[in-house]
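**Q** One-letter residues, chain by chain:
Protein chains: 2
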Amino acid sequence: MPSIGYLGPPGTFTQEALEANLSENFGTSVPYGTVPEVLLAVEAGEVKSGFVPIENSIEGSVNVTLDTLAFETQIYIEREIVHPIRHRLVAKPGVSEEEIKEIVSHPHATAQCRRFLTRNFPKVPLVAANSTAEAAKTVSGMDEPAAAVTTEIAASLYDLVVLERDIEDYPSNRTRFIVVGKERPPPTGADKTSMACFIRENRPGSLLEILTEFASRGINLTKIESRPTKKVLGEYYFFIDIDGHVEDEAVKDALGSLMGKLREIKLLGSYPAAPPLG
Amino acid sequence: MPSIGYLGPPGTFTQEALEANLSENFGTSVPYGTVPEVLLAVEAGEVKSGFVPIENSIEGSVNVTLDTLAFETQIYIEREIVHPIRHRLVAKPGVSEEEIKEIVSHPHATAQCRRFLTRNFPKVPLVAANSTAEAAKTVSGMDEPAAAVTTEIAASLYDLVVLERDIEDYPSNRTRFIVVGKERPPPTGADKTSMACFIRENRPGSLLEILTEFASRGINLTKIESRPTKKVLGEYYFFIDIDGHVEDEAVKDALGSLMGKLREIKLLGSYPAAPPLG
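Protein sequence lines, in the order shown, are assigned to chains A and B. Using my numbering, count along the first sequence one by one with no gaps and you end on 688. Using my numbering, count along the second sequence one by one with no gaps and you end on 688.
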């Protein structure tokens, strides 16, 4: 079975989403330290596929994923997965909520559970960890009673028990992950196409020209984001998702027209569409 | 002198940017725990102005700032400030680099200095903190030799000395901060206007209609981002920045035309433009 690289360490939401959605399709799964390391490992052929977050419903786009795909690699998005982000409050067996002396987690995770923590643990200090998985590991090694805000998978990895489930302030908190590789999946009839559009100069109407090509063919835009190119001050590229597959006539036709008008258009993949994040 | 609320704690880049750019304009500066708390304090009149990050050149938009302005408050952006993010490696006086047993910082800060830390401290564990300021405070209270990745201002706040300057991997790392309040500054001739555009339905051409109003009047777009409304699944709004002031004839005219076409258009402010982030 083929291998898949993912954003580690083991026990975070990325591994949870991978196990929940893709475990039957892959043999070895290999944790990497950063998103670019995962994507570059796919490009180098170290692993057949990669699995990284691209967008969270609260935090927004994972820009390092957008920028690495746009500038540093020549690989494709083959699939997208939308996974709910459900935080657990966990502790060592036998520890009760009343005893808890500190709560450990990644600053983003504690921020996402702020209301729950303020209401139930108003005086307990929040201690930072580098990941939700590291938080579970830290708590499992502590002598004094402590809790971690972490994933179900990290709780079982470090023999911790779940004290409270679904403690996040926004129950609609979800993350969109992508599977990347070197293949271009065939059309399924319900696909999405992602691309990076580099315009010739930053002038009125440049984005309009791009959107006209899609709108005039009835192609719906599902995401657009302007991102600095980091090369020239004030120069932007557009990260765009549209409904449809690059082999659909309308999409093919629109992209063909755009080729002549843009400085560069980089296809980042056509793949089956998951439900929207919003 | 009027008061200003800012995203605390004291000693982070937000306070550094505030002190460097605005200290002569404000009397008391009041730290708050979150971006919404700052913005709501301005709306409630607890402080006259607020100061929060809105976009970082590497991390991208601060979505909580965009969403709070779009959905929860009726206040205006009065000014923008672009401030460089320069990380310092700091320690207690007398500690040398060779002795350092651990390096403390917010996970984003250590991620932004990854190359420097890997090259110079390959075996030193990275310990997480809830903010760059908390990292400095932690190191100032430690007995064993440790270092923090933090701001110049936190180093002096906690009597630490700077061992290395500008250790970030991307020297172009900058954050755009905004001053918010209840006033609408007059045109200066080099202004920007920010708005949130809510469309009636997600259909091909809806964004095109918006952009046509600007492009046909020669108005340049400097930022666009689609964001979920969090109310209806798959429903988006657009956060848009354009060149020009709402009192400019062309801008006024474009916004007037859009009023009739959109479900809602919320003006978030016209203010003097700072240099672009990109």
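Treat the hints loosely; a few may be bogus.
As the list makes no split between identical chains, a pair holds if one copy fits it or if it spans any two.
[As the list claims (entries may be wrong)] Straight-line alpha carbon distances no greater than 27 Å define the calculated DSSO-like cross-link-like pairs of lysine-lysine that follow: (1) Lys547 to Lys533; (2) Lys511 to Lys547; (3) Lys533 to Lys676; (4) Lys511 to Lys662; (5) Lys592 to Lys458; (6) Lys676 to Lys458; (7) Lys502 to Lys676; (8) Lys676 to Lys547; (9) Lys533 to Lys511; (10) Lys662 to Lys676; (11) Lys592 to Lys676; (12) Lys547 to Lys592; (13) Lys662 to Lys592; (14) Lys502 to Lys533.
Source of the hints: derived by calculation from the structure; they are not laboratory data.
**Q** If a hint holds in the structure, say so; if it does not, say that too.
**A** For each hint, the structure was consulted:
1. Both within a single protomer and between protomers do Lys547 and Lys533 lie at most 27 Å apart by alpha-carbon distance, with minima of 23 Å and 19 Å respectively.
2. Within a single copy, Lys511 and Lys547 get their C-alpha atoms as close as 16 Å, and across copies as close as 20 Å, so both meet the 27 Å cut-off.
3. For a Cα distance limit of 27 Å, the shortest separation of Lys533 from Lys676 qualifies neither inside one copy, at 51 Å, nor across copies, at 39 Å.
4. In this homomeric assembly, Lys511 and Lys662 never come within 27 Å of each other (Cα to Cα): the closest approach is 59 Å inside a single copy and 57 Å across copies.
5. Taking CA atoms no more than 27 Å apart as the test, Lys592 paired with Lys458 passes inside one copy only; the shortest distance there is 8 Å, against 54 Å between copies.
6. Taking the closest pair of Cα atoms, Lys676 and Lys458 come within 27 Å of each other only inside a single copy of the chain (21 Å); across copies the shortest separation is 46 Å, beyond that limit.
7. Proximity of Lys502 and Lys676 under a CA criterion of 27 Å is satisfied in neither setting, with 49 Å inside one chain copy and 49 Å between copies.
8. Neither within a single protomer nor between protomers do Lys676 and Lys547 lie at most 27 Å apart by alpha-carbon distance, with minima of 41 Å and 46 Å respectively.
9. Taking the shortest alpha-carbon separations for Lys533 and Lys511, only the intra-copy value of 9 Å comes in at or below 27 Å, while the best inter-copy value is 30 Å.
10. Taking the shortest Cα distances, Lys662 and Lys676 sit within 27 Å of each other inside one copy (13 Å), while across copies they are farther apart (36 Å).
11. For the identical chains of this complex, Lys592 and Lys676 are intra-copy neighbours only, at 15 Å inside a copy versus 43 Å across copies, given an alpha-carbon limit of 27 Å.
12. Taking the shortest alpha-carbon separations for Lys547 and Lys592, neither the intra-copy value of 35 Å nor the inter-copy value of 47 Å comes in at or below 27 Å.
13. In the homo-oligomer, the alpha carbons of Lys662 and Lys592 lie at most 27 Å apart inside one protomer (20 Å), although the nearest pairing across protomers, at 48 Å, exceeds that limit.
14. Only within a single protomer do Lys502 and Lys533 lie at most 27 Å apart by alpha-carbon distance; the minimum there is 20 Å, versus 29 Å between protomers.
Hint compliance for this structure: hints 3, 4, 7, 8, 12 are not met, and every other hint is.
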